[in-house]
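Participant: One letter stands for each residue in the lines below.
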Amino acid sequence: MQNFTTALAAEHIKKRGTGIYLWSVILGAVSPLIWIAVMFAQEGENKDAGIPYNYYIKFIESCLDPFAGFFFPLLIIITVSRITQLDHKNGGWQLMETQPIKKTSIYFSKFLVVLFSNLIAIGTLVGLSYLGGYIATFFLEVPKSATFEFAYAELFWLVARLFLASLFFTAFQYILSVLLPSFIWSILIGFFLLLAFIFLKAFNVTPDWYPLELLSKMASYPKGSQLGYWVTYSETASFLLTIFTLYIGFEWYKHKSIKQAFAGNAKRFGALAGVTVIVIGLLVYTLWPNTTKPHNRTVVTGTINGEHVPQNIYLMNTFLNNDTLAVIPVKDNAFKYVFDKKLPLIKYVLVFNEMLNAPILVSANDSVDVEVNFYKKGQDVKVRGTRLPEEEFNSKENFSGSAVSYYIQENIFMDNPEFITKRLVSDWKSAMSESTSFKTIDNYVPKKDFLDKSKIMGTIEYLNLWNTFVKKRALMYPGEKTVETEDIKEMKKSVPLDDEGLLANQAYFDYVKSQLIALDKRDLDENSKTLAAIAKLKPGSFKDKMLFYQLNNSLKDASTTADRTTLLADYSNGFTDKKYYNNTIANNKTIESLGKGMPAPLFSATGIDGKQYNLADFKGKYVIIDVWATWCGPCRQQSPYFDKLADKYQKENIKFMAISVDKNIADWAMEAKAKTKKVLQLHINNDELFGKQYNAGTIPRFILIDPNGNFVNAQLPQPEDKIFEKVLRETLGLAEEK
Amino acid sequence: MFVILANKPKQTMSEYIIQTHGLNFNYSKQRKVLDDVSLNIPKGSIYGFLGPNGAGKSTTMRLLTGILPEQENSIQIFGKPLAGQLPQVFDNIGSLVESPALYLHLSGTDNLKYIAKLRNLPETKIAEVLSLVGLTRDAKRKARQYSLGMKQRLAIAMALLSEPQLLLLDEPVNGLDPNGMRDIRQLLVKLNKEKGITIFVSSHLLAEIERMCTHVGIISNGKLRFEGTIEELGQQSGTCKIMVSLKDAEAWLPKLAIDHPTAIQESQSQLVLELPGREAIPAFAKALVNSGAEVYEIKILNGLEEWFMALVNQQ
Chain R
1 MQNFTTALAA EHIKKRGTGI YLWSVILGAV SPLIWIAVMF AQEGENKDAG IPYNYYIKFI
61 ESCLDPFAGF FFPLLIIITV SRITQLDHKN GGWQLMETQP IKKTSIYFSK FLVVLFSNLI
121 AIGTLVGLSY LGGYIATFFL EVPKSATFEF AYAELFWLVA RLFLASLFFT AFQYILSVLL
181 PSFIWSILIG FFLLLAFIFL KAFNVTPDWY PLELLSKMAS YPKGSQLGYW VTYSETASFL
241 LTIFTLYIGF EWYKHKSIKQ AFAGNAKRFG ALAGVTVIVI GLLVYTLWPN TTKPHNRTVV
301 TGTINGEHVP QNIYLMNTFL NNDTLAVIPV KDNAFKYVFD KKLPLIKYVL VFNEMLNAPI
361 LVSANDSVDV EVNFYKKGQD VKVRGTRLPE EEFNSKENFS GSAVSYYIQE NIFMDNPEFI
421 TKRLVSDWKS AMSESTSFKT IDNYVPKKDF LDKSKIMGTI EYLNLWNTFV KKRALMYPGE
481 KTVETEDIKE MKKSVPLDDE GLLANQAYFD YVKSQLIALD KRDLDENSKT LAAIAKLKPG
541 SFKDKMLFYQ LNNSLKDAST TADRTTLLAD YSNGFTDKKY YNNTIANNKT IESLGKGMPA
601 PLFSATGIDG KQYNLADFKG KYVIIDVWAT WCGPCRQQSP YFDKLADKYQ KENIKFMAIS
661 VDKNIADWAM EAKAKTKKVL QLHINNDELF GKQYNAGTIP RFILIDPNGN FVNAQLPQPE
721 DKIFEKVLRE TLGLAEEK
Chain Y
739 MFVILANKPK QTMSEYIIQT HGLNFNYSKQ RKVLDDVSLN IPKGSIYGFL GPNGAGKSTT
799 MRLLTGILPE QENSIQIFGK PLAGQLPQVF DNIGSLVESP ALYLHLSGTD NLKYIAKLRN
859 LPETKIAEVL SLVGLTRDAK RKARQYSLGM KQRLAIAMAL LSEPQLLLLD EPVNGLDPNG
919 MRDIRQLLVK LNKEKGITIF VSSHLLAEIE RMCTHVGIIS NGKLRFEGTI EELGQQSGTC
979 KIMVSLKDAE AWLPKLAIDH PTAIQESQSQ LVLELPGREA IPAFAKALVN SGAEVYEIKI
1039 LNGLEEWFMA LVNQQ
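So the sequence lines, in the order shown, correspond to chains R and Y. Per this note's numbering, the first sequence starts with residue 1, numbered consecutively. Per this note's numbering, the second sequence starts with residue 739, numbered consecutively.
Don't read these hints as lab results, they were simulated from the structure. Among the hints, erroneous ones may be present.
[Said to hold, decoys possible] Listed next, the in silico DSS-like pairs over lysine-lysine satisfying Cα-Cα at most 27 Å (straight line):
hint, chain 1, residue 1, chain 2, residue 2
1, Y, Lys-961, Y, Lys-767
2, Y, Lys-767, R, Lys-267
3, Y, Lys-878, R, Lys-103
4, R, Lys-347, R, Lys-448
5, Y, Lys-863, Y, Lys-851
6, R, Lys-102, Y, Lys-855
7, Y, Lys-855, R, Lys-15
8, R, Lys-341, R, Lys-578
9, R, Lys-103, Y, Lys-931
10, Y, Lys-818, R, Lys-267
11, R, Lys-342, R, Lys-448
12, R, Lys-722, R, Lys-678
13, Y, Lys-855, R, Lys-254
14, Y, Lys-863, R, Lys-102
15, Y, Lys-767, R, Lys-256
16, R, Lys-377, R, Lys-58
17, R, Lys-677, R, Lys-621
18, Y, Lys-878, R, Lys-256
19, R, Lys-15, Y, Lys-880
20, R, Lys-103, R, Lys-256
21, R, Lys-103, Y, Lys-961
22, R, Lys-471, R, Lys-492
23, R, Lys-89, Y, Lys-880
24, R, Lys-103, R, Lys-347
25, R, Lys-15, Y, Lys-851
26, R, Lys-256, Y, Lys-961
27, Y, Lys-878, R, Lys-259
28, R, Lys-259, Y, Lys-767
29, R, Lys-15, Y, Lys-878
30, R, Lys-102, Y, Lys-767
31, Y, Lys-878, R, Lys-89
32, R, Lys-377, R, Lys-293
33, R, Lys-256, Y, Lys-1024
[As the list claims (entries may be wrong)] In silico negatives: residues of chain R with every beta carbon more than 12 Å from chain Y:
hint, residue
34, Ile-13
35, Asp-87
36, Ile-101
37, Ala-403
38, Ala-669
C-beta: ideal position from N, C-alpha, C; glycine also.
Working from the sequences, and respecting the hints, build out all of it.
Facilitator: Next comes the structure, spelled out in structure tokens:
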């Protein structure tokens, strides 16, 4: 050990005047400096989501991508090359070997200098982030939900993980640079790895052990393991790979040739075999993807913290509007629900209040854990449990827009069906392989039932594209045929036409619909053709769902009560399950009640000064309502447009009002006071009743009522949209604006 | 083909600081770089290891320092196998293998500080060795700015820092001008005399070895052709051609031709003739002076050189 510290001290004499540590500081400083510049450039654009976060940790996390993706690897390539070249250029390797210093000390003291350089770079990144972040607080507005405490543990693990993630690349470059006397090779290989990484990423084929992937993963998941491990599997892999690399590199260096090092005698060969078996074994174990273990029951549990914890939450079916499967009581901030049936994999929705819900995936033997936090001005929902990989996969939106969809949309290459077909099929194939490569930061992959489903959904996207293409070609080139190739047939074959579970997806419904009416050449609208086709399906729950979906759509689209009555008379008796029938009738009622000319339900609300208002008070005037809440981001975005119109039409016979559905009246009162007086600021008295009667599932919501208290439009477009003002002017009898 | 081996000096094993027993080395199966090389370097000697470029000198040097791993255990240093002593054996060995290994971006002092740190030596020794090699004035300059001779001397200073018992120097005068060569030579002789350091020095220059060494080993094509003291070397050379500069050479030619039929007149004042060996020179000179000749110079022409060339050209 003394031998080692001696060698380390000597290395520090040797690197005098080379500025190696100075470079670590410089390259560590670049990313925070860039981020500070970005912060100043984006001044005021930061939206406060209302979820508390540590200001400094977030600052550091914002610097991670450029740092771990480029500047840090660059530093490693440079440092390693320079520190080894000091000896390659000056005959230092031989000089060191003719000193009373062990080769282990020589080799690893030098490596330690590189690790110091890495730590200095990371330290600079952290230090400058704190400094820069602190200075920025004097010049920039800091979101109210930011906190400023010194997060020891978080910071420690961030630094430790960054350090671990960089180990393998460092060790790899180091053994190369020691073995190859010419500086050019290690630098070339280093840059090649950097460049190749860009391509590997683009084609989504980066292996988990790729030196730069380890760093990039760390930067993409700054919070680390979702399952509470200290480090992620990727960092564990980095560590194992480092051990192996250094072992090979050192033996090679020590014995001067790979043959001598490992085939020299039986002992060395045995050591190699032993180390290889152990490390590679552990590595395979670490990198082998996991799937979550099935639970013995099917259960949803969760905790709800913060203000306004609801008494009950609702488990809803996404497919059936308002079809509540269960009311789950919340006790001591926790809830639990056990499914008693065997379920197929279906997406449900947990509803916490009118404004907050969370989709969850559940199938038999799943245990889903939900954590909800309500903050003053925001909330977040985390879903964990046996479907964590699937939830994350869904949130990633893996099927990105392809070139072929652009061609078809823009009518490019329409005269070349072979080309479009070929592109479509190859894009489909790569999308299929993409869907199987997803894994979480803890190396968990989605289960097969889910992957099969998402593959079908992916295929449908491409089949819908194909159908569009065929339709367009039929219109543009009526004489020509568009040949369905074997590949397209194979795609079609892989999609079943009667999968109930998939019906939760609009795209699947659309596809089944298109297949059902493909041969119907009658001159009818699509809705009628679809209803006719569905009516002919075999009775059962699949038909029920198809019918429910289509019938409700048709009811919504129908313009008169007479049309709706006919639709119900013709098709509502097609349901096997009475539940769907009842739901349809109820939906129709709501549609009718919100229809043009139907009386708007009366409600009462309170003004800022405490004065009571009722909708009935405004008879004789048009009333236009903005339903909002202080914590609702999109509402905040729309209200300025609404306020502007209130100013523009203040002379007309119309009352602009904003009705808040905030739980916390104090929150509302504070903000409402600061708003324009041209809009009457009200707070609803009974928000639950209002939500139900006005079918206000989501906000912002804009409603227009005529002087007689009847609906003109119960669901106006967003005021940002030009049509909003057009409808308003038409209603008020004003001429169209030029 | 013949191998000349002088009589083994009468010394016991323990007095050899380095011994190799049939040292072999090959980089590949076809090419044998060293073939059965047995060296015996006595304690307290300056041992010149002589051979043309590519003979295997550097390979031997690298094997002796362990830079090249030995293929058999045939090297003994300080009476023990080298293999078990690495790297601690370097506490007692200073070495300079191949062209001077020093850090050009560091000053002379810093280079020595580096060695002092590696060897756990007090930094006070630095000034001492700097003055020994005559670099005190240039200690603060970067080694990059040094002349080749200064670099060579700094490298020797680095090897000397720990006051080793043994110095291994590979071509220490290679590329130096005559002045530089002389400085190094004088330094080595001084170290050997004053500090009793055994010096193993390789060179391809016969004259250099002849001037400072007590013992010589000659290697060519990977084989040891000769080993012995410098005197034994002289006896090996056979006839010795000398050139005599004297007054009135033309008159002296016939007189000398009686005993030395090979004598010819080279120029106005110079005669060239052959003697049976170097040992015959003093007697010849005495006789010549006694017979009244006014002799300015007697110079050995090429006896040893020719013999050496013949030796190293063997296959």
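Participant: Give a verdict on every hint.
Facilitator: Each hint tested on the structure:
Taking the CA atoms of Y/Lys-961 and Y/Lys-767, the gap is near 17 Å; set against the 27 Å cutoff, the hint holds. Among the hinted pairs, Y/Lys-767 with R/Lys-267 is consistent with the structure: their alpha-carbon atoms are about 23 Å apart, no more than 27 Å. The straight-line distance between the Cα atoms of Y/Lys-878 and R/Lys-103 is roughly 30 Å, outside the 27 Å bound, and the hint therefore fails. For the hint linking R/Lys-347 to R/Lys-448, the alpha-carbon distance of about 16 Å falls within 27 Å, and the restraint holds.
Of the supplied pair hints, the one linking Y/Lys-863 and Y/Lys-851 holds, its CA atoms being roughly 10 Å apart against a limit of 27 Å. With a C-alpha separation of about 14 Å, the suggested pair R/Lys-102 and Y/Lys-855 falls inside the 27 Å cut-off, and the hint holds. For the hint linking Y/Lys-855 to R/Lys-15, the alpha-carbon distance of about 14 Å falls within 27 Å, and the restraint holds. With a C-alpha separation of about 19 Å, the suggested pair R/Lys-341 and R/Lys-578 falls inside the 27 Å cut-off, and the hint holds.
Taking the CA atoms of R/Lys-103 and Y/Lys-931, the gap is near 34 Å; set against the 27 Å cutoff, the hint is violated. Restraint check for Y/Lys-818 and R/Lys-267: satisfied, since their Cα atoms lie roughly 24 Å apart, inside the 27 Å limit. Distance check on the hinted pair: R/Lys-342 and R/Lys-448 sit about 17 Å apart at the alpha-carbon level, within 27 Å; holds. About 21 Å separates the Cα atoms of R/Lys-722 and R/Lys-678, which keeps this hinted pair within 27 Å; it holds.
Note on Y/Lys-855 and R/Lys-254: the hinted pairing holds, with a Cα-Cα distance of about 22 Å set against a maximum of 27 Å. Our distance criterion of 27 Å between C-alpha atoms is met by Y/Lys-863 and R/Lys-102, whose separation comes to about 23 Å. Under the criterion of a C-alpha separation no larger than 27 Å, the hint pairing Y/Lys-767 with R/Lys-256 is consistent with the structure, at around 17 Å. For the hint linking R/Lys-377 to R/Lys-58, the alpha-carbon distance of about 19 Å falls within 27 Å, and the restraint holds.
Straight-line distance between C-alpha atoms of R/Lys-677 and R/Lys-621 comes to about 18 Å, which keeps the hinted pair within the 27 Å bound. A C-alpha spacing of about 36 Å is found between Y/Lys-878 and R/Lys-256, which places the hinted pair above 27 Å, so the restraint is violated. Straight-line distance between C-alpha atoms of R/Lys-15 and Y/Lys-880 comes to about 14 Å, which keeps the hinted pair within the 27 Å bound. A distance of roughly 12 Å separates the Cα atoms of R/Lys-103 and R/Lys-256; the hinted pair therefore holds under the 27 Å criterion.
Of the supplied pair hints, the one linking R/Lys-103 and Y/Lys-961 is violated, its CA atoms being roughly 31 Å apart against a limit of 27 Å. Note on R/Lys-471 and R/Lys-492: the hinted pairing holds, with a Cα-Cα distance of about 17 Å set against a maximum of 27 Å. Between R/Lys-89 and Y/Lys-880 the CA atoms are separated by roughly 15 Å; this keeps the pair inside 27 Å, and the hint holds. For a cut-off of 27 Å, the pair hint linking R/Lys-103 to R/Lys-347 is broken: about 61 Å separates their Cα positions.
Between R/Lys-15 and Y/Lys-851 the alpha-carbon distance is near 12 Å, which keeps this suggested pair within the 27 Å criterion. Between R/Lys-256 and Y/Lys-961, the direct Cα distance comes to roughly 25 Å. Compliance with the 27 Å bound is thereby established for this hinted pair. Of the pairs offered as hints, the one joining Y/Lys-878 and R/Lys-259 is violated, with about 44 Å between alpha carbons and a cut-off of 27 Å exceeded. For the given pair, R/Lys-259 sits about 14 Å from Y/Lys-767 by alpha-carbon distance, which is consistent with the 27 Å threshold.
With a C-alpha separation of about 16 Å, the suggested pairing of R/Lys-15 with Y/Lys-878 holds against the 27 Å cut-off. With a C-alpha separation of about 30 Å, the suggested pair R/Lys-102 and Y/Lys-767 falls outside the 27 Å cut-off, and the hint is violated. Proposed proximity of Y/Lys-878 and R/Lys-89 is supported: the alpha carbons are some 21 Å apart, at most 27 Å. Distance hint between R/Lys-377 and R/Lys-293 is unfulfilled; the C-alpha atoms sit about 37 Å from each other, more than 27 Å.
About 60 Å separates the Cα atoms of R/Lys-256 and Y/Lys-1024, which puts this hinted pair outside 27 Å; it is violated. Interface exclusion of R/Ile-13 from chain Y breaks down, the closest Cβ pair being 5 Å apart, not more than 12 Å. At the 12 Å boundary, the C-beta of R/Asp-87 falls inside the reach of chain Y, the nearest C-beta of that chain being 9 Å off. A beta-carbon of chain Y comes within 12 Å of the beta-carbon of R/Ile-101; the shortest separation is about 6 Å.
The claim that R/Ala-403 lies off the interface holds: its Cβ sits roughly 54 Å from the closest Cβ of chain Y, which is beyond the 12 Å cut-off. Separation of R/Ala-669 from chain Y is adequate, the least Cβ-Cβ distance of about 71 Å exceeding the 12 Å criterion.
The structure fails to meet hints 3, 9, 18, 21, 24, 27, 30, 32, 33, 34, 35 and 36 from the earlier list, while all remaining hints are met.
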